[in-house]
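Those protein sequence lines, which keep their order, are chains W and U. At position 84 of the first sequence (counting the first as 1) the number is 712 in my numbering, and the numbers step up by one without a gap. At position 219 of the second sequence (counting the first as 1) the number is 847 in my numbering, and the numbers step up by one without a gap.
Some hints here could point you the wrong way.
Which copy is meant is left open, so a pair is good if it fits within one copy or across any two.
Unchecked claim - Calculated lysine-lysine pairs in the BS3-like style (CA-CA distance at most 25 Å, straight line):
id	residue 1	residue 2
1	K836	K851
2	K836	K932
3	K936	K851
4	K932	K851
5	K686	K661
If you're looking for bench data, these hints aren't it; they were derived computationally from the structure.
This is what each chain is made of:
2 protein chains.
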Amino acid sequence: MAIQNFVAYNPVRLHFGEGVVQTLGETIKQYGKHVLLLYGKGSVKKYGYYDEVTGILKNAGLQITEFGGIQPNPLVDDVRRAIALGKEKKVDVILALGGGSVIDSAKIVSVGLVHDIDPWQFMLWQAFPEQSVPLVTVLTLAATGTEMNAAAVLQNTETGKKVGFVHPELFPKDSFLDPAYTVTVPKDYTAYGIADLIAHALEAFFGKGEPSVIDRITVDIIKDAMEQAPLLLNDLKNTAWRANIMLDATLALNGLTNYGRSSGDWGVHALGHELSLLYGMPHGATLSIVYPAWLKLQAGRIPKRIQKLGDLLFGLTDIETVIQKLEVFFKSIDCPVRLADAGIDESKKEEILHQMNKNQDSGMVYLLNDADRKQIVEYM
Amino acid sequence: MAIQNFVAYNPVRLHFGEGVVQTLGETIKQYGKHVLLLYGKGSVKKYGYYDEVTGILKNAGLQITEFGGIQPNPLVDDVRRAIALGKEKKVDVILALGGGSVIDSAKIVSVGLVHDIDPWQFMLWQAFPEQSVPLVTVLTLAATGTEMNAAAVLQNTETGKKVGFVHPELFPKDSFLDPAYTVTVPKDYTAYGIADLIAHALEAFFGKGEPSVIDRITVDIIKDAMEQAPLLLNDLKNTAWRANIMLDATLALNGLTNYGRSSGDWGVHALGHELSLLYGMPHGATLSIVYPAWLKLQAGRIPKRIQKLGDLLFGLTDIETVIQKLEVFFKSIDCPVRLADAGIDESKKEEILHQMNKNQDSGMVYLLNDADRKQIVEYM
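Let the hints inform the model, and build the full structure from the sequences given.
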């Protein structure tokens, strides 16, 4: 497949390192005087990030309108309310303080504020934004990569359906990545974030296109995360390890791993979402279960590709060993690799398969049919 | 040193792959109707790129003003003339068709067109642009990375001095990287381009900051170039190998390798420039001579850093062997590793050292004094 034609574009300005949040005021002032501050359900207040950020905004003479309480699975209803509030208050700029759910919500708010369109229409790809209110982010969880890309995922309050939208207007203008803002993430969610970023790199690796330098770089991100993970998980307050994982997570989904590819695969993500939907499992914990099973299914179909992964990642090409080593890694960071590890009984497999088949979860490159999904669920 | 604080920002839209130039017209039309077309000394006409590009512009209904004849070491005088022409003709957008010298010239033209300031003042960092005319590039030589960065190097016609300027206004809006536009680059200049891109990655690796994932990525760009080089040099018309090297060259100097670093070193480049100045040596050919000598000087001073390079690049940490393997590679692609290989006699070493000491060429991280430069020249 070699290099596939591609367009690369990413205008996000990344401010990375300890203390960068101190310069937030100057950055935001470029975009206006009145800030709509979005945040989640309390941890930013509990750990002092809210106080520090609002203090910086006030010192910079900025006016603040707040919208807190965004859920971990962000709801379009909250986005609608935030848009109404922002329109009423005539805000100039949005600041998202939080993880993926807050930033994803803020992205849709940023386009919703300047269009008279229900935001769910964007999510259904039925309407496309022509402009946006400038969005600035302060990241508090390394995982999704949303801080440096143009994608957002929201859930519909009534249907429970989770859908994603990608559009250049969703790029944040500036993202502040201060590792000190992630030191309070608990051990389990730190590990799930690591599983998530590794899965993002794998989705790219199994995408369409095999650009040689980007294959290497994609695996470098995985390799680095696997090396940093035990250091960080044994020393959660260490900002140096936090910084390394934070950078890995951003690189895993900021477009770089798709240079030379025309798409990622994303089949494992689709399957994993069903586990979250059915049992409320954290996203990263679904991926550490589904990826090994997906690889077992693909072992006989794309052996060379999996051997390439094994060679770059572990210096070995025996496929069974490659998958086993991935599983050993996930277990070592307390991420589940079987349903049983997540406390989900064998007897649920039928229900899971039913849900996956109902949505015809497939991926974009190595397509899955009903029989494939059955095999994957059996492996889980 | 771990990760150093950094700001990453690169808004260039990269259009990569065979045939992408076909969409050039639509892209340029976004920016206006009247194009200032800059190109070099004839090879784009000889090989048909000029005809194809001007045909595409005309089909798109665009008006063209031409400025050809830009030199391989681009001169500020040409830039001044191009600015005068562009102002007179009231152009809306600039198209640079060529390699580093044409694109670098076009960057300064793009800011010169909208300021009443002699362009050399920008080059001396005595004036800073506030805006620019949109710049689009079509790259015909993989080497300098200028297609996706905000730097330009120009030479002063009177003094012969070569200086660089870096400013966000110098980013091209769009860069078209079609590997088919590089297949006519002769074998020697293809190899010098590879030496140049490897040296760019090394300058970053020996910069300030040791971000673990970026160290891996930086070295993997080198590793990929070393692997692709013999494939390409034995099959110069092969667009797949051309594409791989083209992508390596862009990644080596588009900012990525400086994530987590506060600067590169650039000492080797400074020393290499003196050889170009004294003997007209091609830039890449100076770097393959100076880098091994610089590494020999640094072997006793920064052994761990060089061992890290060796470990990531060759899986070995004996410093002498690491340097030797780099030299073997450069020789294998017919790049000189000693002055003698470039036909420069031992007796010139005094003159070379004098020139280097006169300019106090040093680099930014592992600073060099007169005695260091003497040692380096002895190794060359």
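Flag every earlier hint the structure violates by its number, smallest first. Violated: none.
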